[in-house]
Structures are given as structure tokens and as C-alpha cells.
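Whenever a hint applies, use it, and build me the whole structure from the sequences.
Read off the chains here:
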Amino acid sequence: MTSRGARLSMNVFAAVLAVLALSPFLWLLVMSFKTNAEIFRFPPRLFFPVTFDNYAALWETDFRTSFANSLVVSVSSTVVSLAIGVPAAYALSRWTGSGGAAITLWILASRMAPPIAFTIPYFLAYRYLELLDTLTGLVVIYLTFNLSLVIWMMRPFYDQLPRSLEEAAWIDGATRWQGFTRIILPLSGPGLAATAILCFLFAWNDFFFALILTRTEAMTAPVAVVNFMNYEGWEWGRIAAGGTMIMLPVLVFSFVVRRYLVSGLTGGAIKG
Amino acid sequence: MAKLNRRTLLGGSLAATLAAPAVNAQGGKPYNGVTINASCFQTTYYEYLKNYFPQFQEKTGIKVNFTMQAFPVYNQRTDLELSTKGSAMDVCNVTFIYSGRWIGAGWMTPLDPFFKDAKYTPADWDPDDFVSGAQSAMKNAKGETFAFTHEAGAMLNIASRYDLIEKAGLKMPETFDDLVKVCDAIDGKDGVKAFVADKLHHWNWIPYLMGNGGSVFKAPPENLTPTFASPEGVAAAEWYANLLMKYGPDGQLSYSDDQAMRAQMSGRANMRTQAITWGVPLVKDATSKVAATTRFALMPAGPKGNFPGSNSHGLGIPAGSKKKEAAWEFIKWAFSKETMNMIVEKHGYPSVCRTSVIKSPKFKEVMTLNGQDVAALYLEVLQLGGKTGYMKYRTVPVFPQVGDKINRAIDKIATKQQAAPEAMKQAQTEAVQDLQKAGFKVDP
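Read top to bottom, the protein sequences are chains G and L.
Numbering-wise (the working numbering), the first sequence opens with residue 1 and increments by one.
Numbering-wise (the working numbering), the second sequence opens with residue 273 and increments by one.
A hint or two may mislead.
What the hints assert, rightly or not - Simulated coverage check for chain G against chain L, where a stretch passes if three residues somewhere in it have a Cβ under 8 angstroms from a Cβ of chain L: (1) 32–42; (2) 122–133; (3) 222–232.
These are calculated hints, taken from the structure and not from any lab test.
Keep in mind it's a predicted model, so treat the numbers as computed, not measured.
In this text, a Cβ means the ideal position worked out from N, Cα and C, and glycines have one as well.
In C-alpha cells:
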């Protein structure tokens, strides 16, 4: 087989794999434009009358508030996690003392047990602090989980950046902070993008903590979608439309930062 | 004698309004400014009822902050809230499958001091009017009541294409043998599978287990030794798994309640033994293709009798509530004869639990479906559950865990991963472990 033929076969194979991997999403997307009767038509039709009623219905329900809550909570927790975690990762990377490795390990503590292990303590503490059903409460929860991710993802980036870069800046009169913000931070763009998207995804997709720690005011979109499963019948079209809406920001965000994503995820893998 | 003028007339009318029955026996608005938090899973009764909350507030001064969530979301949140004795809720739904756990653990408030005291409740509120079968899940072993019911499920045999059964020269099956006979005759006719069920075998299968002479536990709630792997249980499991696989549509082992209903509604599947809640939409939903051909009958009986499933959900007051009197005012109003009759009359609600409402001409009119008096069938099933107490198995605290084991066993038998005796034995062993972990004694 010629190399061109081989490449063509590989491309076809990749396209088939991509369609297979995306088929649940495509099914959901198509379902969101169908009426309930059309959703349950058997066998399903390839061409069907398209309806936007499910999306319009989302707008009329509390889902829009929950969607906004999800955006606020995810963006806030991502920004705060990066704001705290990135300098922390840099500091740990440059720490020459003996405790650095131990501290880095302990930072992972919040990830050492399944989330359900933290449920009762968080619930009781939040009730005492009156943080139940608040956006602040959710941001704090996601922050605690995302901080370890930020530190563990960003530290290898800083490890691989030669210290001589910031030392040169110090010789030129820069402070340590200026060396970090003007020299080191701009070089860690891909890592920041990859870390940001993972933090955003964790907060955006979280169902468990949003289920336990919210009621109505701070309910996020993943929980709101489940609320279309009524006792006397599920609203399949709205569930599909809500699911599609939930996937949309992640797709847009990933598309925007895709250039950095691969290098960001692998950047710290090989030191040298 | 006081002079009759506009002011005294207005004052008199206002006093009469405030002293309205079933609102506050003391008259006045002692709860003015009080807000109570109430919660339930999403169900149509409260979708309808919340339209009348302003009237309740006008009468009592109590503002109701009522939230509804999806069934699994509600149960998860409420279980956590109750288990930590929180005061966030003043009124909550007592979900049938959790009633044993929530009541047994002391997480709910006994309502007897409220409904037995004329200070709080007038005699004509009539607590005995609630169907005994529905109420039995809301009581503890001492007979104290912890909730009043607003929603009951009564298992019936629901055929979406009765015309196919008639065409085969048969009628609605009355026994398990009849059921198989009818399934054999109609399966695949007009592209319709004969039978359908959802994946909750721990609800759907039990009537077949009991009809065959088996039981889930030895003598619930006193003796919770699992007994469903008995020879009768194994035979019932094998029979039921065969019924599903031979006559059911592909993929039904993963069907939710709603998917099974949609299979019937779209004319893909015919009979289903399930609560009436899932049968009424076949006739009343605008998108149903089987509205004219749907028929209802009692659940078929087994060699040992007829044990249709029945369940109920009710409103109670969490033990941690700090506004119990106001909470009772709400329950009293929400489930008064007047309110329930109004919901039936104005909205056609089909699952009420008050006998007087079920027997009312309006309810009969609402529940006369395709010429059939379904209200009578509904009441018969609810009363059956209350008479012999065979539904007690379902309200014991550990039933959710045991039910999971039953679900898995039936799935394994249906998909031929395991033979019935082994699958049931394994499920029973695991159920015993669950019970022992939860601190229950089981017979050796």
C-alpha cells in the first residue's frame, strides 16, 4: 500500500472512531430537536420535523438561573484556584528546603478519598456556617479540590523552566514577584490553559456536591437537568436540550484554548 | 345590642373568614409572618396545589416556601437533612421506600398529638378517612402516625392494546397462567410486544413472588430474615425473567418507569403490571397512540393469591423542625377534604388517598377511563394492601439495599448470566450481609 493510501486509511479509521466517540453527543443533540412523540418513534426517522420548543422551555424554567449559577461558580472557582495555586506551585518548585515534597504530597489530601467521604463533614460545617445553598459555598468547595490539581499540574512546568531566567531578571533589578509575573508566568501559558480547563471542567461537571450542598438558590445546571425527571414522567426533550446546553460552554472553551491544550497537558511530563 | 352598620358587618365577615374550619381552630392569625419550608419530589399534586398557597397564606398568615426536586434528588437531599436532624425543612414528603428508615430512626415527628387534639384539628378533618393501605406505611409499630398521604400507587394490569387481546378471543388475564396464555396469543401481533416492565424488579416482581407463595422477608417488620431464595422464590424469579425475555421489547431490562410507559404509549408494548400513575397517561396524554384501546384490570393472581403492589407518599414534619404547629396547619389544609376535592375537580388528579374523595362522583368521573370504573379498582387495591399488610416488606429500613440485590439477581437470570437458584441464593446471601451490617438479627 502506498504511503498516501495508508494515510487515507488512517484518516478514515480516525473519522470512524471520532463518529463513534461522538455518537452519544450526536444522539443527545438530535434528541433535543425532537418532540417527545418523535423521540419515542420506533424505528427512529433520519429526517423529522425540527422543534426548538425544548430550548424555549428551558428558558421559561429555572434552568436559566441554574445555568448562570454554573457559569459563575465554575469561572470563579477556576480563577481563584489559579490565583492561589499558581504562585503556590511556583513557590514549591523553587523551594530548596527539605519540606517541599512533603507539603506537595499533603496538598493532595483532598483528592485522597472519594468525594462521598467528605459529604457529612462538609454538610454539617456548611450548615453551621450558613453556606448551604450559596454560590460562595460551592466556589469554596471546588477551590479546595482544584487547588491540588493546579499545584500538581503547574509545579512540573516551573521545574522545567531554568532558574537562570528569573535570576537574570533579578540582576536587572526585578523583584521576585516581578520575575514571576513578567518572566515565568508568560512562559507557562500552555500549562495555565490546560490547568484552567481541567479546573473549569471539574466545577462545571460536578453533580455530587451541587446535589448535596444546594437547594434552589445555588442549584447548578447538572442538578437542574435531573429535575426534568418528574415522578409521573420524564421530560426527555428538555433533558436532551439541557444536556446539550451544559456541553456547549465546555466545547467552546476547549475550542478556544485547543492550541495550548496538548502542549499544556504534556509540557511537564519530560523534564529537560 | 350593637348597632348594625357597614363596619360591624365587615368586621363580622373578617372574623368568620379567620375562623374558617380546617385552618385554625383558634381563629385569628397566630402565625402571621411565619414562613415554613416544605419540600417534596416533583409531583402533580403540588404543581396544582401551589396555585392555592396565597389562599392558605391569606387564611393563616403562614407563607409557604415550597420546593420540588426530581425523585432521586429529593430523596438524597432529604435523607441527609433528616439524618443530621437539621431544621431546614418544616414539612417534607415521606417517601414510601424510606418511610421505615426515616420513621424508625426517629427523624420524623409523631402527628398524633396534632390530629387527635381538637385544639389543633377539628373532628371533621377525619383522619380515618385516609385509606388504611396507604397510611400503613406512615405508621410505626406502636401505631403512631408520622405522615398523611397525598399520593398512592395501586398496581393494576394495564393493557395498551386491548383490541389485540379481544381479537385473539381472550380477555384480560386473571391468573399467572392466563397471563402467559394471553402473551402467547398476542405477542408480535401488529408489531406489538405482549408485555413490558421497567428495571425496578424489586417492585414489579414481588407480586409474582407472593402469588407463587414466596416472600421477601420471613415476617416483616419483626423478623427480617430474607426468604426470597426459597424454592417458590426461585421458581417465581425464573418464571418472571422468562416473561420479560420472551414477551418484552428489546432493551427493557434497562427501562426506567417512564420508558416502559412510553413503550406502551407509542404502541410498541401491550401489557404492564404497574401502578395506576403510569397507566392514566396512556388514556389522557395528548401524544398517546393507545388512548382508545387501553384497558385496566386487577393484577393477575397466582396460585397462592393476588398481591398487587401498593405504595404511598405523605407529608410529615421532620423532628428538627422548629415550626411544627405551623407545619401541621399546612398539612391539615393541604390534605383537607375540601382541598383534595378541589384538586380532583379542577385538575383531575388521579392518586388521592381519602376514601370519601375516591368515592365521590367527581373522582369516579375523572377515573372512568374508556368506560371503565378505574376508581373502584384503585380503591380495591389500596384496601387490599391495608387489610393483610403484605406490603410491610417494602417499608423496612433496609429494603432499598435488599431491593438492589433482587434487581441484580433478576437481571442475571434474564440475561442468562446465572441460573435462577444460584442468582437468588447469591442475592439472599448478600442481603443477609447487608442486614447484619445494619445491625439486624437474622435467623441462622
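With a cut-off of 8 angstroms between beta carbons, are at least three residues of the segment 32–42 of chain G near chain L? Result for this restraint: holds, n = 6.
Please check whether the segment 222–232 of chain G has three or more residues whose CB lies within less than 8 angstroms of a CB on chain L. holds (count 8)
Count residues of the segment 122–133 of chain G with a Cβ under 8 angstroms from any Cβ of chain L, then say if the count reaches three. holds (count 4)
When each numbered hint is compared with the structure, no violation occurs for any of them.
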